[in-house]
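*Asks:* Spelled out, the chains give:
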Amino acid sequence: GNSVTQMEGPVTLSEEAFLTINCTYTATGYPSLFWYVQYPGEGLQLLLKATKADDKGSNKGFEATYRKETTSFHLEKGSVQVSDSAVYFCAPDTGFQKLVFGTGTRLLVSP
Amino acid sequence: DVKVTQSSRYLVKRTGEKVFLECVQDMDHENMFWYRQDPGLGLRLIYFSYDVKMKEKGDIPEGYSVSREKKERFSLILESASTNQTSMYLCASRQPGDYGYTFGSGTRLTVV
Chain H
1 GNSVTQMEGP VTLSEEAFLT INCTYTATGY PSLFWYVQYP GEGLQLLLKA TKADDKGSNK
61 GFEATYRKET TSFHLEKGSV QVSDSAVYFC APDTGFQKLV FGTGTRLLVS P
Chain U
1 DVKVTQSSRY LVKRTGEKVF LECVQDMDHE NMFWYRQDPG LGLRLIYFSY DVKMKEKGDI
61 PEGYSVSREK KERFSLILES ASTNQTSMYL CASRQPGDYG YTFGSGTRLT VV
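Going down the list, the protein sequences come from chains H and U. Here the first sequence is numbered in this note's numbering, starting from 1 and rising by one per residue. Here the second sequence is numbered in this note's numbering, starting from 1 and rising by one per residue.
Do not take every clue at face value.
Stated by the list, open to error - With the C-beta cut set under 8 angstroms, the calculated list includes, among others, these residues of chain U facing chain H:
| hint | residue |
| --- | --- |
| 1 | G16 |
| 2 | K71 |
| 3 | L90 |
| 4 | D98 |
| 5 | F103 |
| 6 | G104 |
Calculated from the structure, these hints are not laboratory results. We treat Cβ as the ideally placed atom computed from N, Cα and C, and that holds for glycine.
Build out the structure end to end from the sequences listed, making use of the hints.
*Replies:* See below:
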């Protein structure tokens with residue numbers, strides 16, 4: 001079945017540092033891919049998505065590129081802020097209207 | 001703004017109680033989902049529904065049931081709450097196509 005692997009956290013960075021959170025998946029076909037963010041005490045919010053190979057999703061300075069060859073969808077941001085501290089989830093679409101979620105990667109950004 | 005509303009943010013129940021978690025969406029979405037979130041385990045799918053009165057088991061349905069009598073409402077039922085059901089419960093809805101989920105704020109359930 002479909003599965004997703006995210007890098008373990010926490011990822012600890014100083015403000016303005018470069019961020020990469022790795023995500024690889026196994027899936028049948030070419031699923032749509034999503035990144036979600038969860039701020040403390042809240043539900044998950046859609047951060048960005050890509051629906052086909054080589055698509056780049058972007059939002060709030062975050063980017064991720066759909067890499068079909070490596071079945072990856074790594075999340076990047078050039079300069080993180082303290083307000084980016086949250087848990088990030090990678091989620092491919094299974095094709096049955098269900099998303100499968102990674103275990104999440106906690107990001108901690110210090111001033 | 002589109003919304004998924006979960007009736008309680010925090011809930012404390014006793015072992016053996018029947019517990020109802022309510023979720024309402026105002027987007028006319030067909031698909032609704034219940035997940036539980038636990039540290040180190042991520043999100044695990046309990047039940048989902050593609051339409052009114054339809055339900056499908058997810059990955060961990062044991063100890064749970066669901067009800068979807070109206071399109072906008074999807075209820076999760078713990079028939080006899082146990083301490084291992086202490087968790088964060090997240091409801092989500094989705095319209096068909098390349099759209100993601102919209103999540104509620106979650107219900108943190110503690111069973112004592």
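*Asks:* The structure should be examined with respect to each hint, and the outcome stated for every one.
*Replies:* These are the hints, each one checked on the structure:
no., hint, result
1, G16, "violated (28 angstroms)"
2, K71, "violated (15 angstroms)"
3, L90, "holds (6 angstroms)"
4, D98, "holds (5 angstroms)"
5, F103, "holds (4 angstroms)"
6, G104, "holds (5 angstroms)"
In summary, the numbered hints that this structure violates are 1, 2.
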